[in-house]
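> The hints should help you fit chain B onto chain A, whose structure is shown.
One line per chain: the protein sequences are A and B, in this order.
Per the working numbering, residue 1 is the first one in the first sequence, and the count goes up by one each step.
Per the working numbering, residue 1 is the first one in the second sequence, and the count goes up by one each step.
Keep in mind that the hints were calculated from the coordinates and are not lab data.
Virtual Cβ for every residue (Gly too), placed ideally from N, Cα, C.
Hints should not be assumed to be uniformly reliable.
[Claimed, not checked] Distance condition first, Cα-Cα at most 25 Å in a straight line; then the derived BS3-like pairs of lysine-lysine:
(1) K57(B) to K91(A)
(2) K222(A) to K97(B)
(3) K67(A) to K57(B)
(4) K262(B) to K97(B)
[Unchecked claim] Stretches of chain A that chain B covers, calculated by requiring three or more beta carbons in the stretch to come under 8 Å of a beta carbon on chain B:
(5) 53-61
(6) 68-75
(7) 88-101
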Amino acid sequence: MAAVVELAGAHKSYGAVEALRGVDIRIEAGEVVAILGPNGAGKTTSIHLMLGLRQPTRGQARLFGRKPTDRGARSRAGVMLQESGVNGALKVRELVQLFRTYHPHPMPARRAIAMAGLEEQADVQSARLSGGQRQRLYYALAVCGDPELLFLDEPTVGMDVESRRGFLSGIRDFADAGRTIVLTTHYLEEADELARRIVVIDRGVVIADAAPREIKSRVAGKRVVFTSDHPLQADELAGLPCSGLVIEGARVRLLSNEPEALLREVFRRGLEVRDLEVAGADLEEAFLTLTSRPAPEAAPR
Amino acid sequence: MSVAAAARREVAPLLPMLLAQTRAQVLSYIRIPAFSVTSLALPLVFYTFFGLPNANKHFADGSSVGLYLMCSFGAYAVSSVMVFSFGIGVATARGQKIDLLQRATPLPPAISILANVINALLYALVAVLVLMAFVLLAAGVRFSIGTAFQIVGLLLAGALPLIGLGMTIGYSSGPNAAPAVANLVYLPMAFASGMFLPIDQLPEFIRTIAHYLPTYHYAQLAYAPTHHAEEPLGWALVWSGAWAVLLLGLAVRAYQRDQSRKFS
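Isolated chain A, as found in the complex (with noise of 0.2 Å):
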């Protein structure tokens, strides 16, 4: 059977820029699927050739095994972007019905508009809408149509806290009912909590494709840094638990997954350590890792 989505080898250039550099993704029905990676890395490059928005510069895109811009099978998906607009003049209810148009096989707009939880806001010229709420909105014209497959590009940004739990979990209960789901986020526990696989996307290729929680404990968690009393080698390091290790004279700096493993094998080499500081590491830092040591499914070709 086809594969509801497909990225095939694709390279996106604009101009000079390499967006994306052989990214392959192949999608199942039925999978809920998170892309992380940090800003730039390709997500939504990847999204736009999944969609048709964009064309491949070489490799092929695919949306249920036809070429994305077909109507037949863009009738099959739900698309919530980033950056983009709806006409501020319309009604939540208004935009909800003429995106309902789109759609062959609709579902009624009291329901889209309640997963969404615009019920209130039904009757809102969309322009009046609050960043929060916008993206409820965006949601509810994803849904709309009823659609096998839903791709949500960044979708809790502008949500407080108390929404985003309460919007994660009605796309929890879409993904219950057997869609689809493709998002992209830069939150790994974004991603954690909704997605059964991640594909983590870094400078336009694919560093890792696996469950949430092999990819977690592939990422460093924690960002070790400390200053020895002289200017330290390489091999005075060598073979510790970590990744993204620099050494610049006396202080060094690096990632681990097990900082206490880490500092009794440095303190037991006899090591001085001064000015310790071990912090966790954020997202920019934990991709480090993963690109420092390339799962062997994502070596680069």
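Just chain B, lined up with the frame of chain A:
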């Protein structure tokens, strides 16, 4: 359609899509008074200034000056709706990235453009009818139903080149620049074409230039039912057709350039 046939339907039918899209356009324009009120009120204001004082005068052949001026401001009313609704409306929609989300839905772009055209034609029709009612009631100018039909028909059918002009502006300028560009391009053309002041009262060099402008031939179309056009209806149609080909061609190029920049 049977349930089984409906279940097999792969794409949504186009006609309901077009109707819904048009309805959405009409609603949103009504809610923007800067557009809806000005496009209805300005022709009346201008007719009050320039038309009412002369409305009950007659040409040497006995035909009504008031009717002639109604055609002038009718041409102004329709052409301004076309140039501004497409010039500013399209540029604004592009600026708000409304087209990005739409482009990711199964809505064919042609349906959305067609809805814009129908919306603009509906507005133009309302603007002309309001002007006609005003001329009839406020100025007491009398004209037959047949004449009214002819004027409306020629004004709407002849608007094609102006749709092209509006779309060219809308697809090539940004949302902030579009109002200025539309005014700078269109208002001098409308003036030079005799829409505000009768063309024989304009300076010689403007009258010479006017003969090449799409708005001039458009106004000439509108005058045809009054028998006071400068050029025969046939020539006005030929000129308007040529301008339609040129301006719609430019509009298509501007559209394609915009689309390929964003969606290739």
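> Now tell me, hint by hint, if it's right for this structure.
Structure-based check of all given hints:
For a cut-off of 25 Å, the pair hint linking K57(B) to K91(A) is broken: about 49 Å separates their Cα positions. Among the hinted pairs, K222(A) with K97(B) is inconsistent with the structure: their alpha-carbon atoms are about 40 Å apart, more than 25 Å. A distance of roughly 66 Å separates the Cα atoms of K67(A) and K57(B); the hinted pair therefore is violated under the 25 Å criterion. Restraint check for K262(B) and K97(B): satisfied, since their Cα atoms lie roughly 10 Å apart, inside the 25 Å limit.
Taking a C-beta to C-beta cut-off of 8 Å, the region 53-61 of chain A contributes 3 residues in contact with chain B, enough for the three needed, and the coverage statement holds. Counting residues of the region 68-75 of chain A whose beta carbon lies closer than 8 Å to any beta carbon of chain B gives 4, which meets the minimum of three for the stated coverage. Against chain B, the region 88-101 of chain A contributes 9 residues with a C-beta closer than 8 Å to a partner C-beta. That satisfies the three-residue criterion, and the hint holds.
Hint compliance for this structure: hints 1, 2, 3 are not met, and every other hint is.
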